[in-house]
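*Asks:* Let's have the full structure, built from the sequences with the hints guiding it.
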Amino acid sequence: GPLSERRLMDVRLGELPAWLATCDISPQGLLGGVRKAWNSYYDKYINVKRGGPAGISMLLAGYCLLSYGWNYQHISKISLLVSY
Amino acid sequence: VICSVLHATRLLHTTQQSLAPLPPLPEKGGEVRYGLIPEEFFQFLYPKTGVTGPYMLGTGLLLYLLSKEIYVINHETVAAACILSVIIYGVKKYGSDVAAFADKLNEEKVAKALAVKNEAIKDLETAIEQEKKEQWRAEGCSYLFDAKRNNIAMLLETNYRERLLMVYNEVKKRLDYQVAVQNLKRQKEQDHMIQWVESNVVQSITPQQQKESIAKCILDLKALSKTAQAAV
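Taken in sequence, the protein lines are chains E and V.
Using full-length UniProt numbering, you'd call the opening residue of the first sequence number 1 and step up by one each time.
Using full-length UniProt numbering, you'd call the opening residue of the second sequence number 1 and step up by one each time.
No lab work stands behind these hints, which were simulated from the structure alone.
Keep in mind that this is a model prediction, so the values were computed, not measured.
We treat Cβ as the ideally placed atom computed from N, Cα and C, and that holds for glycine.
Wrong hints could be hidden among the right ones.
[What the hints assert, rightly or not] Only pairs whose alpha carbons sit at most 27 Å apart, straight line, appear in this in silico DSS-like list of lysine-lysine:
{"no.": "1", "chain 1": "V", "residue 1": "K104", "chain 2": "E", "residue 2": "K49"}
{"no.": "2", "chain 1": "E", "residue 1": "K49", "chain 2": "V", "residue 2": "K117"}
{"no.": "3", "chain 1": "V", "residue 1": "K93", "chain 2": "E", "residue 2": "K49"}
{"no.": "4", "chain 1": "E", "residue 1": "K44", "chain 2": "V", "residue 2": "K28"}
{"no.": "5", "chain 1": "V", "residue 1": "K92", "chain 2": "E", "residue 2": "K49"}
[Claimed, not checked] Each pair of labels, with its calculated beta carbon distance range:
{"no.": "6", "chain 1": "E", "residue 1": "A21", "chain 2": "V", "residue 2": "T52", "range": "31 to 41 Å"}
{"no.": "7", "chain 1": "E", "residue 1": "P17", "chain 2": "V", "residue 2": "K68", "range": "21 to 31 Å"}
{"no.": "8", "chain 1": "E", "residue 1": "D43", "chain 2": "V", "residue 2": "S96", "range": "39 to 49 Å"}
{"no.": "9", "chain 1": "V", "residue 1": "S96", "chain 2": "E", "residue 2": "L13", "range": "38 to 48 Å"}
{"no.": "10", "chain 1": "V", "residue 1": "A20", "chain 2": "E", "residue 2": "I75", "range": "49 to 59 Å"}
*Replies:* The structure is reproduced here in structure tokens:
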């Protein structure tokens with residue numbers, strides 16, 4: 001189909017800049033994108049009859065990675081020598 | 001104002017999708033390996049690298065992060081390791097029990113909703129039967145009205161006959177009165193005539209005739225007394 005309506009996984013590598021250009025960058029567009037992403041994740045892993053630990057564990061792992069990335073500057077200073 | 005404009009231009013029920021009945025929830029979530037990495041990743045790398053591809057990628061990535069000190073090992077690493085081990089042990093040991101408990105809760109919810117639905121269906125069915133019964137009763141109305149019509153006709157007939165009888169009695173009374181009047185008149189005339197004739201006759205008896213008749217009567221009586229004395 002047309003480029004703007006395809007999902008990210010169906011876009012070829014060469015068409016990536018063109019696909020990014022068709023994205024909706026406005027706040028409503030970004031919010032809509034975030035909502036769609038969360039809804040698809042929620043419907044696939046959490047909103048099922050017999051779920052497992054996978055639903056929240058992936059969220060927690062993502063949170064861990066994100067917080068590590070935010071605090072990397074502080075962690076990378078060699079705090080082991082400073083505390084003693 | 002903007003909301004009202006939006007609502008005025010929004011079309012209702014343009015899509016095929018309807019809210020009820022909802023499609024049932026999927027049984028199991030997406031497949032995830034080791035609780036962290038979705039299966040799609042392994043399938044994505046399978047054509048190019050086979051089965052061990054993602055594992056080699058993971059090992060290489062880990063060694064790279066460690067060696068370049070992008071991931072530093074400090075007290076937090078030890079804490080994370082302890083916490084993770086406790087969590088994994090807990091999940092492995094009590095996971096199935098918690099799952100069974102949650103399934104039971106879900107069962108109860110579904111059973112309650114189903115009971116409400118069945119209740120509603122039963123009530124509606126009884127309502128339908130009662131409605132049919134009412135319709136059957138309404139058909140019988142014609143008999144009721146026939147009976148009432150007969151009653152009224154009988155009342156009218158009775159009233160009519162009563163009045164007929166009254167008329168007859170009144171007329172008879174009037175005719176009887178006329179007959180009685182005529183009879184009375186005739187009788188009075190008769191009596192009056194008799195009396196008048198008697199009075200005239202008495203008047204016509206002269207004193208001479210009276211003396212003669214009295215003398216004759218005395219003679220007759222004497223003769224009679226003689227014969228009577230003779231008989232005794």
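*Asks:* Now tell me, hint by hint, if it's right for this structure.
*Replies:* Status of the hints after comparison with the structure:
1. V:K104 / E:K49: 12 Å, holds
2. E:K49 / V:K117: Holds, because 21 Å separates the two Cα atoms, which is no more than 27 Å.
3. V:K93 / E:K49: 21 Å, holds
4. E:K44 / V:K28: With a Cα-Cα distance of about 9 Å, the restraint between K44 of chain E and K28 of chain V holds, given a limit of 27 Å.
5. V:K92 / E:K49: 20 Å, holds
6. E:A21 / V:T52: 31 to 41 Å: 38 Å, holds
7. E:P17 / V:K68: 21 to 31 Å: Check passed, 30 Å falls within 21 to 31 Å.
8. E:D43 / V:S96: 39 to 49 Å: 25 Å, violated
9. V:S96 / E:L13: 38 to 48 Å: Given range 38 to 48 Å: holds, Cβ gap about 44 Å.
10. V:A20 / E:I75: 49 to 59 Å: 52 Å, holds
Of the numbered hints stated above, the single one contradicted by the structure is hint 8.
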